[in-house]
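Peer 1: So the protein sequences, as listed, match chains A and B. Each residue of the first sequence is one higher than the one before, starting from 164 at the first, in the working numbering. Each residue of the second sequence is one higher than the one before, starting from 14 at the first, in the working numbering.
Calculated from the structure, these hints are not laboratory results. For clarity, every value in this text was computed on a predicted model and none was experimentally measured. Glycine included, every Cβ here is placed at the ideal spot set by N, Cα and C. Worth double-checking, as some hints may not be accurate.
Stated by the list, open to error - In silico DSSO-like links for lysine-lysine, alpha-carbon gap of 30 Å or less:
(1) A:Lys631 x B:Lys70
(2) A:Lys563 x B:Lys41
(3) A:Lys563 x B:Lys350
(4) B:Lys350 x A:Lys403
(5) A:Lys563 x B:Lys208
(6) A:Lys290 x A:Lys326
To be verified - Taking beta-carbon pairs under 7 Å as the criterion, some of the chain A residues facing chain B (in silico):
(7) Leu408
(8) Glu424
(9) Gly431
(10) Met432
(11) Ala436
(12) Leu461
(13) Tyr603
(14) Phe750
(15) Val752
(16) Leu753
Residue-level listing of the chains:
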Amino acid sequence: MDKIYNDFTINVATANGTGSQSANLIILHSLFEMGVPVSGKNLFPSNISGLPTWFIIRASDRGYQAPGDETNIQIVMNKDTWEKDLASLDPGTIIIYNEDAKLPVDRDDCVSLGMPMTTMARGISPKMARLMANMYYVGGIAHLLGIEEDSIASAVEQQFRGKENAISMNLQAISEARKYASENWGDVSRYSAQSREKSDDTFLIEGNEATALGCIYGGINMLSWYPITPSSSLAESIIKWIPKLREGEDGGSTCAVVQAEDELAAAGMVLGAGWAGGRGMTCTSGPGISLMSEFIGLFYFAEVPGVIWDINRTGPSTGLPTRTQQGDLAMCYEASHGDTQHIVLIPGTVDECFEFGWRAFDYAERFQTLVFGFGDLDLGMNRWNTSGFVYPDQDMDRGKVIRNQEEMDAIPNFGRYRDVDGDGIAYRTLPGSGLAPILYRGTGHDEDGIYSEDPQVYYEAMQRLKRKIDGSRDILPAPVIREEDEGDVGIIFYGSMENSIVEIDDLLEGRGLSVSTCRVRALPYHSEVEQFVERHDRVVVMEINRDGQLYGILRKELPSHLIKKLYSVAYSDGLPPRAREYANRVFEVLEG
Amino acid sequence: MQTGFSRYWRDEDMVKLNVLNLEKSEYKGGKSSLCPGCGHDQISNIIIQAAWENGIKPEGIAKMSGIGCSSKTPAYFLAKSHGFNTVHGRMPSVTTGANMVNKDLSFIAVSGDGDTASIGIGQFIHAIRRNLDMVYIIENNGVYGLTKGQYSATVEKGSKKKKGAPNEQAPIDLCAMAVNLGCTFVARSFSGSKKQLTALLRAAMSHRGMAVIDVISPCVTFANNDESYRSYNYVKTNDEVLHIVDYIAHFSPLSEVEVPEGEFSDISLFDGSTLRLETVSDDHDPRDAVAALRAIHEATQDGRHVTGLLYYDPDQPTATDNLGLTQAPLVGLPEDKLRPSPESLEEVNANFRAR
Ligand SMILES: Cc1ncc(C[n+]2csc(CCOP(=O)(O)OP(=O)(O)O)c2C)c(N)n1
Ligand code: SF4
Ligand SMILES: [Mg+2]
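Modelling step: build the complete structure from the supplied sequences, incorporating the hints.
Peer 2: Spelled out as structure tokens, the structure:
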């Protein structure tokens with residue numbers, strides 16, 4: 164049989180709370196150990212136990228990280244979704260199933276491979292049979308793909324770190340299964356895993372943990388948070404890492420953590436921390452941003468630094484709480500009533516999660532405003548490759564804060580909201596300093612911070628705020644551009660779509676369309692984004708939502724002669740972007 | 014007789030200075046824009062008086078407020094202090110964030126009954142639950158003054174404002190609620206009781222933890238008619254005083270203070286000051302939460318307002334105590350305390366690689 168090496172997609176259908184997550188991570192990590200380029204996606208329900216869960220493992224020498232458009236190996240463990248899981252498969256798919264489920268597998272056009280997983284697991288531990296049964300599909304997969312014993316062993320050790328008993332029981336289960344498979348199934352798989360040179364530097368990490376580390380290296384002073392999927396693990400990672408990394412002289416912590424009563428309070432706490440001169444941050448998802456909106460306007464208008472990470476999930480309302488989307492971009496950019504505009508940082512990789520984690524505080528203090536970090540469930544809660552985080556290459560930027568009388572005397576005609584330097588950014592003093600005390604307020608104020616309803620004063624204050632945020636464009640992270648010489652078509656995209664773009668690009672190329680790509684990494688968008696549009700005849704804006712939110716922002720802000728070049732491919736079904744889905748739509752809109 | 018003050022003559026006037034050698038004018042604010050006679054303005058004056066008498070450095074104070082006529086008042090006192098007039102009902106969270114990064118600030122907050130008992134009731138409760146180190150003054154007039162006189166959630170059943178029907182709904186008693194939540198300092202007073210409110214406010218400023226003072230503060234424009242339970246006339250005739258309160262500052266030796274004739278008890282405050290409670294009729298023990306609740310409920314039944322120090326518990330940790338924070342306020346930390354070293358990041362990376 165001709166083998167296909169390192170190019171396959173495995174889909175594991177289980178119920179959540181059955182211990183399958185450990186088994187899935189062992190498959191993922193053992194492939195990673197072998198140097199196989201691999202990615203994993205957890206499609207889980209909003210529930211603690213018993214509802215269907217799918218885990219998708221994609222191996223690809225070409226580095227494709229999107230969930231594959233088709234499944235090559237399907238593992239069925241969940242009785243509730245059994246029939247549906249089987250029905251959706253293409254002919255030729257390998258099916259691994261638990262015979263103890265006692266359910267039919269009526270797919271003669273597929274390769275069906277059964278194993279009495281629960282019965283075999285009972286032999287090792289009657290009490291743990293339900294959990295252990297999962298290790299038998301790991302063994303089955305290891306046999307089919309030829310995953311090395313060493314890699315399995317190290318993945319198991321990593322999963323059950325320090326728990327010797329668990330390690331040996333699980334290893335025994337996997338090896339029993341491997342033996343069973345080789346005796347009963349034989350060599351039936353076209354798909355095979357092949358070792359690749361693996362850099363010793365690389366490891367897998369969830370975006371949320373990377374962001375958390377970035378925040379800690381960014382000098383976070385206060386974390387307020389209210390639990391919500393998929394952002395909770397960001398806060399929990401900060402809580403986990405702070406004691407290890409951030410001790411003061413006396414061994415006390417240098418970051419206060421408050422579990423707030425709700426998101427309204429979480430945002431208020433960030434505002435208070437920023438006003439007092441600290442680096443405050445909260446993380447949440449769309450529903451939280453909706454609640455925080457009034458405070459967000461106050462950040463903007465009173466000019467208080469702060470950071471909010473929005474780890475997007477599928478809206479509106481409670482939506483699909485455990486599925487992914489880029490549905491909050493427009494909301495973040497213009498959150499709150501009245502004229503507002505906020506800086507939004509959009510990482511597309513775990514390295515950028517780390518980097519924007521610390522940079523967000525610098526931008527917030529520099530521009531004296533609220534900065535959003537914009538992530539999503541896919542990037543935040545799935546594991547991605549990095550070769551290690553890079554230490555900040557700049558000192559902390561604390562912005563224009565007057566710390567003593569001397570500094571105050573050096574500023575001609577000081578006023579809290581007076582644009583002395585012509586960049587729209589005024590100087591501020593901190594409570595407790597005794598310097599130029601003022602009463603911050605969300606009501607209209609003049610350049611000295613005094614209450615005012617004067618039309619001209621209001622108009623000019625709002626113009627200055629616009630100038631200030633506008634001035635951040637070319638200081639914020641520039642887009643990542645991959646340019647093709649002959650390309651008349653450009654694609655603009657952002658965030659976690661980075662993980663699908665290579666494959667989308669190849670699919671387009673395969674059909675004769677060569678495109679340049681531009682990954683926007685911040686709003687307000689960099690001038691290079693405009694130049695990118697200028698250079699191409701047609702530009703497709705591709706994103707994971709229904710209405711084309713970045714497309715809308717570009718249409719509003721680009722010069723009018725560029726607007727007619729724009730096309731929108733906006734698609735969202737809750738799943739991470741599958742390449743073919745988007746590639747097809749690109750052709751559709753271009754062919755019109 | 015209080016010590017701690019000094020005097021000197023300037024031109025024809027005698028000038029009085031506090032322990033910091035500051036004149037009272039150093040604690041004043043801008044000109045009020047509230048309706049003449051509004052109870053809130055009386056409270057502002059008492060805040061100025063109390064802060065001055067206590068000798069608190071104005072620059073060490075942070076003035077906090079929500080939204081309402083009452084929440085505007087930080088503009089009218091303590092002009093040398095920074096402040097934040099935040100959003101409606103959510104001043105406690107802003108105060109919490111500021112307190113987390115700078116626990117050395119003295120937070121003096123003003124709110125209204127709409128601000129606290131309706132839109133902000135959740136944040137109020139949670140600030141109490143955390144024992145946030147602040148003075149929380151509710152300027153309680155039973156109406157939403159700034160939106161032109163709708164009933165608030167604290168107005169008594171049967172009370173009637175100038176226009177419209179009497180209120181039919183049961184009130185939320187913020188002091189009873191605070192006592193139930195274990196608030197560490199709970200008092201009620203009246204904007205017209207200058208002596209009582211000054212003493213209570215000075216004691217609240219000397220307390221470490223959440224000090225709630227619910228101050229009945231008549232709205233002269235919308236609810237100062239006699240049928241309103243929160244009008245000047247009504248409160249004057251229906252004030253049930255728990256005890257006479259006297260504040261003795263830590264800088265005035267207790268031995269030099271005149272001993273009252275009748276029965277009294279002393280309460281020691283965090284900064285070494287004393288609040289002296291002179292018995293009026295029955296003894297009230299402010300350590301007794303049940304007694305506090307009984308006093309509130311009995312007064313309410315009779316359509317009266319009980320005033321004085323209702324409840325006091327000095328022994329509870331504050332919001333920042335339990336967080337294991339470093340001693341110095343976080344805002345003052347240098348970069349090398351905030352950003353871990355390059356080596357530490359190498360270690361983090363190495364640990365991930367070794368997994
Ligand atoms: C979110 C929000 N909702 C409504 C308002 C309108 N509003 C302003 S003040 C106020 C009530 C204030 O009442 P209270 O706190 O009792 O203060 P008072 O004016 O009586 O001193 C309301 C409802 C607002 N500013 N913000
Ligand atoms: S409306 Fe009432 S509460 Fe507001 S300022 Fe006037 S008297 Fe005071
Ligand atoms: Mg009111």
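Peer 1: Sort out whether A:Lys326 lies within 30 Å of A:Lys290, counting only the CA atoms.
Peer 2: 17 Å, holds
Peer 1: Are A:Tyr603 and chain B close enough, Cβ to Cβ, to be under 7 Å, as the hint says?
Peer 2: Where the cut-off is 7 Å and the nearest Cβ of chain B is about 4 Å from A:Tyr603, the hint holds.
Peer 1: Hey, does the A:Gly431 contact hint survive, CB to chain B under 7 Å?
Peer 2: 3 Å, holds
Peer 1: How about A:Leu753: closest beta carbon in chain B under 7 Å, or not?
Peer 2: Violated: closest Cβ of chain B sits about 42 Å from A:Leu753, beyond 7 Å.
Peer 1: Are A:Lys563 and B:Lys41 close enough, with their CA atoms no more than 30 Å apart?
Peer 2: 29 Å, holds
Peer 1: Holds or violated: A:Lys563 and B:Lys208, Cα atoms, limit 30 Å.
Peer 2: 44 Å, violated
Peer 1: Can you verify the interface hint for A:Met432: is its Cβ closer than 7 Å to any Cβ in chain B?
Peer 2: Since chain B brings a Cβ to about 3 Å from A:Met432, closer than 7 Å, the hint holds.
Peer 1: With a cut-off of 7 Å on the beta carbons, see whether A:Leu461 makes it to chain B.
Peer 2: Because about 6 Å separates A:Leu461 from the closest Cβ in chain B, which is inside the 7 Å limit, the hint holds.
Peer 1: Is B:Lys350 within 30 Å of A:Lys403, Cα to Cα?
Peer 2: Roughly 18 Å separates the two Cα atoms, so the pair holds.
Peer 1: Let's test the interface hint: is any C-beta of chain B closer than 7 Å to that of A:Ala436?
Peer 2: 4 Å, holds
Peer 1: Is it true that the CA of A:Lys631 sits at most 30 Å from the CA of B:Lys70?
Peer 2: The hint is violated at about 35 Å.
Peer 1: Would the pair A:Lys563 and B:Lys350 pass a check requiring their Cα atoms to be no farther apart than 30 Å?
Peer 2: It holds: about 21 Å lies between the C-alpha atoms, which stays within 30 Å.
Of the numbered hints listed earlier, those contradicted by the structure are 1, 5, 14, 15 and 16.
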